[in-house]
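The listed protein sequences correspond, in order, to chains H and F.
The first sequence maps to residues 1 to 414 in this note's numbering.
The second sequence maps to residues 1 to 414 in this note's numbering.
Quick caveat, the hints were computed from the structure, so don't treat them as lab data.
Take these hints with a grain of salt, some might be off.
Put simply, identical chains are the same to the list, so a pair is met inside one copy or across any two.
Lysine-lysine pairs mimicking DSS-like chemistry, simulated, CA-CA at most 27 Å apart [as the list claims (entries may be wrong)]:
no., residue 1, residue 2
1, LYS382, LYS285
2, LYS285, LYS219
3, LYS309, LYS382
4, LYS285, LYS334
2 protein chains.
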Amino acid sequence: MTAPELRVDSERLQHDLDELSAIGRSERDHGIYRMALSEGDMAGRAWFRQRISDAGLELYVDGAANTHARLAWDGERPSVMTGSHLDSVPGAGHLDGALGVVVGLECLRRIQELQLPLRYPLEAVAFTDEEGRFGGMVGSQAISGRLTPETIFNARDLNGITLVDAMQACGYNANDALRARRTPESLHAFVELHIEQGPILDRSHTPIGVVDAIAGLFKWDVRLLGSANHAGTTPMTMRNDAFGGVAELSGEIPRILEEDGSPRSVATIGRVQLFPGAANVVPGKAEFSLEVRDTDPLMLERLAEAFRKAISAIARRRGLMFEFEVLSELTPVKCDPGIVGVIENVTRDLGINATVMASGAAHDTQMMAGLTRAGMLFVPSKDGRSHSPAEWTPWEDIETGANVLLNTLYRLAS
Amino acid sequence: MTAPELRVDSERLQHDLDELSAIGRSERDHGIYRMALSEGDMAGRAWFRQRISDAGLELYVDGAANTHARLAWDGERPSVMTGSHLDSVPGAGHLDGALGVVVGLECLRRIQELQLPLRYPLEAVAFTDEEGRFGGMVGSQAISGRLTPETIFNARDLNGITLVDAMQACGYNANDALRARRTPESLHAFVELHIEQGPILDRSHTPIGVVDAIAGLFKWDVRLLGSANHAGTTPMTMRNDAFGGVAELSGEIPRILEEDGSPRSVATIGRVQLFPGAANVVPGKAEFSLEVRDTDPLMLERLAEAFRKAISAIARRRGLMFEFEVLSELTPVKCDPGIVGVIENVTRDLGINATVMASGAAHDTQMMAGLTRAGMLFVPSKDGRSHSPAEWTPWEDIETGANVLLNTLYRLAS
Chain H
1 MTAPELRVDS ERLQHDLDEL SAIGRSERDH GIYRMALSEG DMAGRAWFRQ
51 RISDAGLELY VDGAANTHAR LAWDGERPSV MTGSHLDSVP GAGHLDGALG
101 VVVGLECLRR IQELQLPLRY PLEAVAFTDE EGRFGGMVGS QAISGRLTPE
151 TIFNARDLNG ITLVDAMQAC GYNANDALRA RRTPESLHAF VELHIEQGPI
201 LDRSHTPIGV VDAIAGLFKW DVRLLGSANH AGTTPMTMRN DAFGGVAELS
251 GEIPRILEED GSPRSVATIG RVQLFPGAAN VVPGKAEFSL EVRDTDPLML
301 ERLAEAFRKA ISAIARRRGL MFEFEVLSEL TPVKCDPGIV GVIENVTRDL
351 GINATVMASG AAHDTQMMAG LTRAGMLFVP SKDGRSHSPA EWTPWEDIET
401 GANVLLNTLY RLAS
Chain F
1 MTAPELRVDS ERLQHDLDEL SAIGRSERDH GIYRMALSEG DMAGRAWFRQ
51 RISDAGLELY VDGAANTHAR LAWDGERPSV MTGSHLDSVP GAGHLDGALG
101 VVVGLECLRR IQELQLPLRY PLEAVAFTDE EGRFGGMVGS QAISGRLTPE
151 TIFNARDLNG ITLVDAMQAC GYNANDALRA RRTPESLHAF VELHIEQGPI
201 LDRSHTPIGV VDAIAGLFKW DVRLLGSANH AGTTPMTMRN DAFGGVAELS
251 GEIPRILEED GSPRSVATIG RVQLFPGAAN VVPGKAEFSL EVRDTDPLML
301 ERLAEAFRKA ISAIARRRGL MFEFEVLSEL TPVKCDPGIV GVIENVTRDL
351 GINATVMASG AAHDTQMMAG LTRAGMLFVP SKDGRSHSPA EWTPWEDIET
401 GANVLLNTLY RLAS
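The whole structure should be built from the sequences, with the hints applied where relevant.
Next up, the structure:
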């Protein structure tokens, strides 16, 4: 017996996305801004709670202010959870995390109205602060048990406002955040739908990406120290040009990735500051960021070693000193092969073109994968644009993604 | 008959340099700061006027506030002029332009006290604003007739203070600046002594550099435009990384100079700004300075063409747009071969090791060369340091330089 082909209510979904996209829209930021626990975010949460009630689903807000819609919840059986986040960066588009929340809600509504039999309850959750006002993925960290009293009480935003105060101002109690923790036994699976935020699906005209891993990364702050000299009086052979070192490293990135990385490896020099930074002075100091991502922890280790060697050799060759600081390290996360298989089967059964791929960006799924069997699916991002009002996904791809999530959730829960 | 071997009064010279080096010394700037027409500069000028009077030399302040010491001046015969500038950058050392002014004064004093016969009068001048508060080389531009009423009345410093107001506050009248202009007939020759501000003499243990040309330059502001994309989700092959373009150009500098430049060519990328400039975003825009110098105008033209081609090819190859703006262009200046020959003869006769070289930095001589036969000599800068409190020249080299200037001036004037 093949599973039934379920379809979301496309009109209702579109209506909800349209409504939500008006919330937190800011002239100043040229796009949407629903920073976690801001006015825009609270309005988004209120809207979501109302839609849950309107749908006759159970509303549950946990101690970390994650908002859950629940179907057939009985507190006994493990649930199949889906979800993403409603908060946004400044100048955001209308999809990003919001899409996964609204589609999750629609899936629960659809399964409810079709009165489909469920072996496991379903939950559609909007996680708190995915984007990072207080460090990012706060809600999914709370659920997966990664928060400690220390992290909660030390968390501050860029303006010095504490998480404790921000939660209190919104009627939440940060003391409860630890209680949002879920046991592995309380969950059967987790699946997140998200826009790709990259160009791969769009360029290959593929409507669905089945995520098999989420890239980890290391991010370094590197300083190269040479001598600041007069650009007119210092012959080329007598320079210790710190910028020359950064430029040479940039040129070596392709070689390093080819030699020690995988086709999934990326490396980026996104920030460069030169000192003194004047047209007529040979740069005596260069500070830059190096961020490297891959889905394989061993590959990341090899790449870190290769970059260390390259920087060291460049510095030696050019008479520069160097020092670097590890700004962050994130371990790659594998999605559950079982969940990947279910999503792949769904796309095959629905006759939908799909590709297995990595997520280069971080997502709440990364946290949830430590707690339960987790998987993710992507819909295309036009030109790979994200975190921008130019973010866009064709409606037919959104619909396709929603139908794939609906069928996946139903297969997992039935 | 060989010319007599003249020697400066080393003790008197040292005493004067020490006295002057206490003027404009600033704790805040960690060094000397005698910005043109500032309190420090005015104190330096007052000290210089006093030394001129003490020496029994004639004092003359022209309309551009250039301060002249004159010996045997009769307003009829053309003069042999030497000089440099007393103003400084912030955090300067005690030599730079001050050395050439004080040594010039000492040469006049010495020739006067030895009662040497002179065919031509001598002048030692301190030029106004060489360093650029109001654009740079204001005094030598005035003398060489390059100022116009428009440039005078439009000149403003970085704080918006006009040259007119700054001169008035110091008791000068900007209207007189045009009257500082000298006729070619009023000058027989000009020679400037300056520290090298580069490492060439110091590294080769050569006490004297005989300058045969002052480099010209072009300075561009270049913008490369790509796409700002998520550093995690954008595969390496789908990037239009603007920084990659700057880095590639930096790597091509040696090739371009070798192919289209001379051993005297230098090219510097001293300023780079990336947008948005975040570790996790592929740079969508890079703005940078490119400054290229050479002593040959044709070479500069070839280099400009080569850099244009290189930037254009890099942009094409990487899917970037580019635009550039010419920030400044300075034509190279040749020193007078006759003056170069006299200085070379002096060093040979005194048994002093000297090397013919270019000046990579700009100097008042550049302006004076448009008016009269002009030449320049350098003394070593320890480690090439300049515009820094670390600027230093061994005393024996200063003495050597002073003696070479003294003998040169006397040969030119006798």
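Structure-based check of each hint:
no.	hint	result
1	LYS382 with LYS285	between (39 Å within a copy, 20 Å between copies)
2	LYS285 with LYS219	both (19 Å within a copy, 21 Å between copies)
3	LYS309 with LYS382	neither (38 Å within a copy, 33 Å between copies)
4	LYS285 with LYS334	neither (39 Å within a copy, 34 Å between copies)
When held up to the earlier numbered hints, the structure conflicts with 3, 4 and fits the remainder.
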